[in-house]
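Enquirer: What follows is the residue order along each chain.
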Amino acid sequence: MKSIIEIQQEISGEFEMYDDWMDKYNYLIELGKDLAVIDTKHKVKENLINGCQSRVWLHAEYEEGLIHFTADSDSIITKGIIALLVRVLSGRKPEEILNTDLFFIDRIGLRQNLSPTRSNGLLSMIRQMKLYALAYHAKAKGS
Amino acid sequence: MKSIIEIQQEISGEFEMYDDWMDKYNYLIELGKDLAVIDTKHKVKENLINGCQSRVWLHAEYEEGLIHFTADSDSIITKGIIALLVRVLSGRKPEEILNTDLFFIDRIGLRQNLSPTRSNGLLSMIRQMKLYALAYHAKAKGS
Amino acid sequence: MLKQEVYGRPLVYLDNGATTQKPLPVIECIRNFHSFKNSSIHRGIHFYSERATEEFENARKTVQQFIHAEKSSEIIFTSGTTSSVNGLAWSFGERFIRPGDEIIISEMEHHSNIVPWQMLCERKGSVLKVLPFNDDGILEIDRLDALINNRTRLISVMHISNTLGTINPIRTIIEKAHENDIPVLIDAAQSVQHIAIDVQQLDCDFLVFSGHKIYGPTGIGVLYAKEKWLHELPPFQGGGEMVDVVTFQKTTYTEPPVKFEAGTPNYIGAIGLAEALKYVTSTGLSGILQHENALLDYGFQQLSQLDFVKLYGQASDKSSILSFNLRDIHYYDAGMIIDKMGIAVRTGTHCAQPVMQHYGISGTIRASLGMYNTKEEIDNLVGAIKKVRDMFV
Amino acid sequence: MLKQEVYGRPLVYLDNGATTQKPLPVIECIRNFHSFKNSSIHRGIHFYSERATEEFENARKTVQQFIHAEKSSEIIFTSGTTSSVNGLAWSFGERFIRPGDEIIISEMEHHSNIVPWQMLCERKGSVLKVLPFNDDGILEIDRLDALINNRTRLISVMHISNTLGTINPIRTIIEKAHENDIPVLIDAAQSVQHIAIDVQQLDCDFLVFSGHKIYGPTGIGVLYAKEKWLHELPPFQGGGEMVDVVTFQKTTYTEPPVKFEAGTPNYIGAIGLAEALKYVTSTGLSGILQHENALLDYGFQQLSQLDFVKLYGQASDKSSILSFNLRDIHYYDAGMIIDKMGIAVRTGTHCAQPVMQHYGISGTIRASLGMYNTKEEIDNLVGAIKKVRDMFV
Ligand SMILES: Cc1ncc(COP(=O)(O)O)c(C=O)c1O
Ligand SMILES: Cc1ncc(COP(=O)(O)O)c(C=O)c1O
Chain E
1 MKSIIEIQQE ISGEFEMYDD WMDKYNYLIE LGKDLAVIDT KHKVKENLIN GCQSRVWLHA
61 EYEEGLIHFT ADSDSIITKG IIALLVRVLS GRKPEEILNT DLFFIDRIGL RQNLSPTRSN
121 GLLSMIRQMK LYALAYHAKA KGS
Chain C
1 MKSIIEIQQE ISGEFEMYDD WMDKYNYLIE LGKDLAVIDT KHKVKENLIN GCQSRVWLHA
61 EYEEGLIHFT ADSDSIITKG IIALLVRVLS GRKPEEILNT DLFFIDRIGL RQNLSPTRSN
121 GLLSMIRQMK LYALAYHAKA KGS
Chain V
1 MLKQEVYGRP LVYLDNGATT QKPLPVIECI RNFHSFKNSS IHRGIHFYSE RATEEFENAR
61 KTVQQFIHAE KSSEIIFTSG TTSSVNGLAW SFGERFIRPG DEIIISEMEH HSNIVPWQML
121 CERKGSVLKV LPFNDDGILE IDRLDALINN RTRLISVMHI SNTLGTINPI RTIIEKAHEN
181 DIPVLIDAAQ SVQHIAIDVQ QLDCDFLVFS GHKIYGPTGI GVLYAKEKWL HELPPFQGGG
241 EMVDVVTFQK TTYTEPPVKF EAGTPNYIGA IGLAEALKYV TSTGLSGILQ HENALLDYGF
301 QQLSQLDFVK LYGQASDKSS ILSFNLRDIH YYDAGMIIDK MGIAVRTGTH CAQPVMQHYG
361 ISGTIRASLG MYNTKEEIDN LVGAIKKVRD MFV
Chain U
1 MLKQEVYGRP LVYLDNGATT QKPLPVIECI RNFHSFKNSS IHRGIHFYSE RATEEFENAR
61 KTVQQFIHAE KSSEIIFTSG TTSSVNGLAW SFGERFIRPG DEIIISEMEH HSNIVPWQML
121 CERKGSVLKV LPFNDDGILE IDRLDALINN RTRLISVMHI SNTLGTINPI RTIIEKAHEN
181 DIPVLIDAAQ SVQHIAIDVQ QLDCDFLVFS GHKIYGPTGI GVLYAKEKWL HELPPFQGGG
241 EMVDVVTFQK TTYTEPPVKF EAGTPNYIGA IGLAEALKYV TSTGLSGILQ HENALLDYGF
301 QQLSQLDFVK LYGQASDKSS ILSFNLRDIH YYDAGMIIDK MGIAVRTGTH CAQPVMQHYG
361 ISGTIRASLG MYNTKEEIDN LVGAIKKVRD MFV
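Residue numbers (this note's numbering), protein chains in the order written: chain E, 1 to 143; chain C, 1 to 143; chain V, 1 to 393; chain U, 1 to 393.
Simulated coverage check for chain V against chain U, where a stretch passes if three residues somewhere in it have a Cβ under 8 Å from a Cβ of chain U:
| hint | segment |
| --- | --- |
| 1 | 21-28 |
| 2 | 118-132 |
| 3 | 212-222 |
| 4 | 258-269 |
| 5 | 335-348 |
| 6 | 353-366 |
No wet-lab data here; the hints were simulated from the structure.
Just so it is clear, CB atoms sit at the ideal spot from N, CA and C, and this is done for glycine as well.
Please put together the full structure from these sequences, using the hints given.
Expert: Pasting the structure below:
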């Protein structure tokens, strides 16, 4: 499996192919459509993330030391963004998730151009993923 | 007795002699000092006029169809202004007071230069004098 | 005739329901005041303070004339519509509301005309009743009679809906209310900038609006109250110049409107607002209305032709607002793409969650018009919507 | 070093306690925002709305840093000191005040820190207690212990007196209060512009001030509240974005600080205020203080030499304010003449009638200093006072 850094570089490369922000959006939409469907039993209120104009469900599972994320959103662009985050962060160890610097977000212009700061969806998603990592990290250390 | 118009012209003439606003103030201060003292029994709360930073007492008496004003203030400049108003309006018939146009106020620059609009002393004083006139006018007609 | 000035940028600004752009004279008036005239108002006796006070009181008169109030003392400056409603709710509540009393609002209100009454009802044990609207976005005015009873103390309704654009029959509501001796508050936040208001003709008891939605500055708003109420209602804030005599034993208040304007008012905001009202008046409200209505009709017609567009608010009496969703596309996705094409629209609940609940949706896309918008901008919007459709299906 | 810019006119402006003049960067910031950036904030997702929101939230951070709050969410924007106190009095009162509870203020407070508490006490049947000051204008801090008891719920005092200039020993007050688990509100309306404030070091629970007194715009103010209070206190106004879910059955509120900012906030005011704070910071508060103190000492000394001048406020810990009367001359007469000489001072009670009652007077003449004042201006004032004396005797 590629490292978090490698995957981020890979994603940055993919986005660099598009000059036009419209094409970048189109790509995000594609990614959103392709995101593996979340189990409907996880599309529950407890998994909702605050701070988005669109609704985002994020579910985490911890197996053999790794965290697996599945997610969904009623906004397809948001879903595309989540798809990227899942690709980078899912299947990793809690420590990795906690310590990683998500440089790809700035590099592909996600923060400035693709996602609005205030609706805060992106930041809330990342925060929530890190919170899961923190929780499982504590659990792993405790046990 | 001179008419209200004549007295106003007279006052305007007196003020025209002074080029300097400072001299105009000095003159007002003189007038204030010279204002006939009000009977202390009339320096009561009921005779206080609202809307002045300084306190103003205005007393009116109605005798043989004429209204006589006496007044006082703890501010000497205000007293000077009252002295002018008393000179113009005291000893007049209610109708005269009600119908008069106090053109001297603008002509000597009282409104713009000598008295502040907001502390509203001047306007309050005139209003109060006219209210007395109105009251005595109604009384005269009623009786 | 509308002066088609460019307010800074070639952006297509269709978010006038949220806030409006400021005409140059307003911007310059504020700057000019800051640069050459600034001084605190009331009781200061020095020259600048005098002049600032005079301009502030003239601003009050400008507002009075704009809404045709009888007296300028009926105009209270607040910091916005929300403060106006909250202030009144507090004050009216303290004076007139007992447990079991009822207040009527409508189902289409903005949160700012819902929550203050809910807070009041919670505090006083009173009851909030709601006049519903039908799926076309029209108030079911026939049901008002059934809501009114001898415990009804106040009716508070919006003049124009910020989500549906509906112009509500406030005259009828006021008449019915007054037949039962019930005062009426009109939330004119979305109407003063579009339709000429005459509070004396309407005979409303209270009327509120915000400066920033009528081409004026932020942080300033108006609470109009018929004089007879001003003496009965207690002040909603204390401090500063609103007092007559202050001792620790007893404080007495001064006359309205100052009684209701505790602290240093936003006098520069008020003066800026007056400048905006003058601008609107000199442009001509009837011309503005005609222009906006033509745009609205055109936009409505264009969007109706697109079968994937669902429009909310089908009232024939409608103003300046196009609220819609695109089939199978989340409003948030659509909004992001429309924004990228340089068009500012608003997405979400527009602070009117009950309206969304009515339609069982979580939000809409809203384009709201101002006097400076053009037919080309509507075309741009329609083009953008088609493009969005292409991207997502 | 103070930049001696001319703010518009060669007038001698000594009414900074009432309001301050705006530095050019502040004026330009506001104009610039109006011209190129204006858009409503929060939840709008279009570019301009995003950017306006970001600037507004950055303004909050600037305020946070300026008063050294722990978190930016502890900064609530209001429309001014008076609104801040009223909002808090309402909110704190609803949550914590029962009949018989006590609130302590001081005898030298501004009406804005008296009347809201009187209104609260009247509503809740609680009791207002007053910490007196002595004839030098110094709080009789020894008497605080006797005022505090187990019914005391809050102490609210001003940091610097707007009539006497006294710098109050707020650290001591806060310590004493906290020993008894009593929260403290500091009215910093006259101090933030003169003295560096660190709310964490002071450990005050609440602190309030106005934008317009610290070289910023009117219509904007700050309520700082320690985070632990923000969750406990109910919102003081309802409407707009401060809600989470609104239904007619039940409305839930969002997180602080937005929970306390109902309606469209004065975001342009907040951004202007932040610019003013940056200006003050870059000028340097310690330099400002030093400069103002030197002027104050000089002015105090000059006026002390005139036997017909009676100065109020003899505290050694004093800031920026000279309050006085001239023997046998009404302050109103003096003020008018001083104004005519191009010097703006304020006369009257300065919204602190109890201070006047303490001295048995009806008002004073007040010269209050800002960072741009000069020694020449003090000389002008002293000259004017002598001239007044000559005119009236
Ligand atoms: C000490 C003090 N507190 C409160 C206020 C009230 O401030 P504002 O009028 O800006 O609300 C002032 C201003 O006069 C003041 O000097
Ligand atoms: C109908 C209506 N009422 C009230 C408000 C609240 O106005 P403000 O946010 O200026 O207080 C708005 C603005 O969004 C509105 O559209």
